[in-house]
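So the protein lines, in turn, are chains A and B.
If you read the first sequence in the numbering used here, its first letter stands for residue 1, the second for the next number, and so on.
If you read the second sequence in the numbering used here, its first letter stands for residue 1001, the second for the next number, and so on.
FRET-style restraints, in silico, Cβ to Cβ:
id	chain 1	residue 1	chain 2	residue 2	range
1	A	Pro-595	B	Gln-1222	57 to 67 Å
2	B	Arg-1066	A	Gly-546	41 to 51 Å
3	A	Gly-461	B	Gly-1151	22 to 32 Å
Straight-line C-alpha distance at most 30 Å; calculated DSSO-like pairs for lysine-lysine:
id	chain 1	residue 1	chain 2	residue 2
4	A	Lys-539	B	Lys-1076
5	B	Lys-1063	A	Lys-426
6	A	Lys-30	A	Lys-186
These are computed hints drawn from the structure, not numbers from a lab.
Here the structure is a predicted model, which is why all the values come from computation and not from measurement.
Note that the Cβ used here is the ideal one computed from N, Cα and C, for glycine as well.
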Amino acid sequence: MLDRSLIDRLHRTWRDPPGLWGFLTTVDHKRIAARYIVTALLLMFLAGMLALDMRWQLSVPENSRMTAQTFNESFSLHGSTMLFLVSVPIMEAMAFWLVPLMLGARNMAFPRLGAFSFWLYFGGVLTLWIAHAIGITPDLGWFEYPPLSGPAYSPGHRADIWAQMITFTEVAALAASVNVAATILKMRPPGMTLARMPVFLWAMLIASIMTILSMPAVMLVTSMLISDRLVSTHFFSVATGGDAVLFQHFFWFFGHPEVYLIFIPATGFVSSIVETFSRRPLFGHSALVLAIVSIGALAFGLWVHHMFAVGLPRLGNNFYTAASMAIALPAGLQIFCWIASIWAGRTCFATPMLWVLGFLATFVIGGLSGVMTASAALDLQLTDTYFIVAHLHYVLVGGAMFPLFGAFCYWYPKATGRMMSESWGKIAFGLIVGGFNLGFFPMHVLGLMGMPRRVYTYPAGMGWETLNQVATAGSGVAVIGGLIFVANALISYWHGEPSGSDPWGGSTLEWASPSPPPPWNLPFTPVVEDLTPMWNGGKALKAMDGLSPDKRQVLVTSVTDAEPIYRQKSPAPSIWPLMAALAVSTMFIGSIFTPWAIALGTLPIAAALTGWFWPNRPRAANGPLGSRP
Amino acid sequence: MSKFGLSLLMLLLGACAGIQTPLSPAGDQASALHSLFLLMMIVCGGVYLIIIGAIMWSVLAAKARRRNAAPDGSEKILNRGFYSAAAGIVVGLTILIVGSLFVDRALIAARDDDALHIRVTGHQWWWRIEYSDPASGRWIETANELHLPLGRTARVQLASGDVIHSFWVPNVAGKIDMIPGRRNLVDLTPRRLGWFRGQCAEFCGTQHAHMSFDVKVDTPAQFDAWLARQSDPVAAGALVGSRAAALFLRVCGSCHAVRGTPAVGRAGPDLTHFASRRSIAAGTVSMTRGGIQGWLAQPQALKPGTSMPAVPLVPADADAVATYLESLR
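Using the sequences and the hints given, assemble the complete structure.
Here you go:
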């Protein structure tokens, strides 16, 4: 079946045009995802440098390395970049890259929408960082509460740039999530019923649905903020009947699910890695899936735990305490399932698995400090102190970035066809995990010693110096580890040992494709009979034929049972997603300066979308549309 | 590393005597929160040790299994472990949720009728503080220094004059936000004499870092004497009617008030008993002659972004204004 001529025909059908035109028009999910990942990693480096600079500033009291303004800009840019431009997009990018491969599908459900997501996200990146380069950096944190961010206290355009950056990334994230959810629900290979879906795909599905449900809240609220600033709508200005706390409710109605939609994909990475390296099917597959679903559901019922100090009714606050602590049940059971799989398997501890161990040891601290801050009473001492800085970095770095780094090491051979150096990988692992814990654990103590967040300096004699210096040293060590990690990835790209298609003996379908995967992914449509199709008792993977190698076709299957329904035409490369993203970006950026941009900006968008959807095949000769003369 | 941190933390729990820390409670509310914190530390610390133990055990078990590949009845053990873990988590969470609820109730246990009423208003970046005068029922204004009587509950009404701030005296009680258009309440029942420090805990703009205040817990007699003196218009011995007073009125009087003189500005802190305080500009500069003169000459260097403008005075005049300010005891 895998004869040369089939491969050639697939290649002719699915390849991109050569050169720059191909770069701009591609709809290949792997190329788009790679761009997302490279952009996000670059931003992670830049925002990490900002963090190191802030650590330098705080290492001694009354330091003059930074002014108050520079420090406020730095933490605002660091937080906004890490949350909106790194964590969320990189998880979507991992879904873009892996979901079709893991489904044995040839592309995403909406390939052009995928390209549009990236270009629009990139527009958001440029908006924020070009603004920073020309000195109009947002300086009010990653949350920008009014009235501080309102027209009365923040003249100029810093706050508008922040708010529009949110709009960019959220539209991009919504488009990406719809794409991922549709792909997982409608493009599974025959036999992969919902019950046979790997935990990774469940995690990506739930995270996508959470994105679709939570992102509109923050888009709405930042749009209200922009309206307040641009056309004086007074949603949040108290003197004219607005309400400052309304912003916080909307913001955290998105903001809390956001934390979990970063964490849930990470649980997918961990599940994949644990299964492969423990050499046995994951213990408690259903429990893991149910845990993810219940975390996803609970996530929408606990936003008030970010607002315990606001002065809302106390009994109500305590309901949110119970809901927040309840998260520990599904999260704890997930952790049990992973440890149980390691225990019961013949586990080997290559670098990806080490990242899982680092994740467990670090994330659990973040989870437990989360239980402490979930108490409406105790939070009054903890919130807005360095205890929270420690907590959020333990859950976001320990809970999401460590699994991401593990996933990077795990799927690197698939993406490049080469192995990363194990010994350098272990050194980078040790430095990052050790440096991180050295850097962030003392912050718990600093918070308990009374150090508030977001202060650009502190007086001598508060007793905060030593631990701040330890924290600064630790973050320096972690940055060195990060540079080794990146160097290892770069050097291995050219000099690593060839990996073959399945170096780890993985359990899921992406390991059936060649490494690196060609534009058509798998040369056949696989048929799945259990949860670990690649371990099918040593039998070869079953395949189903029926997609033409000469047409861009994908198979659409039913939602629950993955019964094949029909062949769907998959769009060819197109410049219109880029054009549409440019038109939308122009409108978003224009609306920072004038409300007219919203009215006039719709015209180029309409033009781009008309080009995008212009019919490019002959009218149907039969069916409902063909009956007209 | 985290073990080092944990032991460090334990050390701190016993031996911390800071003036701005929840670990050294000096009030009823902070004590209740501190005991909740200890409960949390015991439960969460125990859970962490169990999980780290389980990870280490599973790593060793997996290594042993790699050597002799014979599978055992592990699924049964795992299922039993799964349900035990679920039960353990539910029990632990129930303890913590109930404990948290009871402590939360304790924070507002004080009765309103015998409480001392205080209003604190947050401004960018200082604190307006007003006491209800028991004798006249008037509100007596001061700024950036809070005095509290030992053992009596002060019910503090929190408001904001501009953006959101947060009022936090960690040794005495937890923080509550000060939100424009809303009134929040916090009870402070101090149980230890001495000086403490409070700080704004919600990011409120450029100089959020320099928005702190001193807190003094007095004996009831000391407190009554202090309040009586604060309610006086202007202290005896001040250079009222002097050239310095006229100069002060001209350059400072439109923003600052000194009760008993024509200076009635409300944009900045009330300066009636300015020199009786411990620090200047919300804890930014210490109350010395040099501090006063430095603050008058270069407020933007000491606290960049503050609303206080540099006061353009010839040296002799600056000296006179500083002397006048020093006399406001």
